[in-house]
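**Q** Using the working numbering, the letters of the sequence shown correspond one by one to residues -5 to 161.
Among the hints, a few may not be true.
[Said to hold, decoys possible] The calculated DSS-like cross-link candidates involving lysine-lysine, where the alpha carbons are at most 25 Å apart (straight line), are:
| id | residue 1 | residue 2 |
| --- | --- | --- |
| 1 | Lys64 | Lys150 |
| 2 | Lys19 | Lys38 |
| 3 | Lys19 | Lys55 |
| 4 | Lys55 | Lys152 |
| 5 | Lys51 | Lys38 |
Note that these hints are calculated values from the structure, not bench results.
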Amino acid sequence: MEGETHRVLDASAVLRGGLGFEDEKYLMPSSVFREILDPLYIEKMQSLIRLNRLNVKDASKKSLTRVKEKAREVGDLVNLSDADLDVLGLALETGGVIVSDDYAIQNTAYALGVEVEHAFHEPIKQRRQYTYYCRGCGQRYMPGVTECGICGARVKRKTQKSSVERL
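Construct the complete structure from the given sequences, taking the supplied hints into account.
**A** Below, the structure is given as C-alpha cells:
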C-alpha cells in the first residue's frame, strides 16, 4: 500500500458504480462494508478482496478525532453518519482519494485537504461553512439543536456568506 493512491469508497460509490476503475486499489471502512446489503454488491466486493484490490480497514482514533473537529468547525458534523466519518478518517490517514456523492462528505473532505471524486452525481461546486440559528428570535446555536431554547421556534442551518469558497 505504500506509495500507491487508493480510492476510499463510501456506500454511494459502491451502489452507483464507483468500482469501475480498471486495476485500481480500493479502501473501505468496515462500517461501509456492513452497510452494503445487496448480495450482488457483496459478491463483487468479496471478489475484489480476493484479488487484493479492496482492503477493508478502519481509521485510527486520532484521524477520526481530527475529522470530527473539522466537521464540527464547518457545520457538517450533524449531517455525517459514523460510516461517513470513517470514510473521511481513512482517507485522511492514508492519503487516499474519496469516491462519494455525499455533499457533507465532500465539503468536510475539502476542508481537510482530502481529494474527492464523485461517483455519479455532480460534485459540490463550493466549499461552505454553516451556522445554526433560530428562525424566530435569531439566537445562534451549535449544530444538532433543532428547537430554540428561548422561543421554541425551529433552528435552521444557513451558509456563512464569508465562508463560501469556489472549487
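**Q** Next step is simple, just say for each hint if it's right about the structure.
**A** Here is what the structure says about each hint:
1. Pair hint Lys64 plus Lys150 holds up; C-alpha atoms about 20 Å apart against a cutoff of 25 Å.
2. Between the alpha carbons of Lys19 and Lys38 the distance comes to roughly 14 Å, so the proposed pair stays at or under 25 Å and holds.
3. Distance hint between Lys19 and Lys55 is fulfilled; the C-alpha atoms sit about 23 Å from each other, no more than 25 Å.
4. The hinted pair formed by Lys55 and Lys152 fails the criterion: a straight-line CA distance of about 30 Å is larger than 25 Å.
5. A distance of roughly 17 Å separates the Cα atoms of Lys51 and Lys38; the hinted pair therefore holds under the 25 Å criterion.
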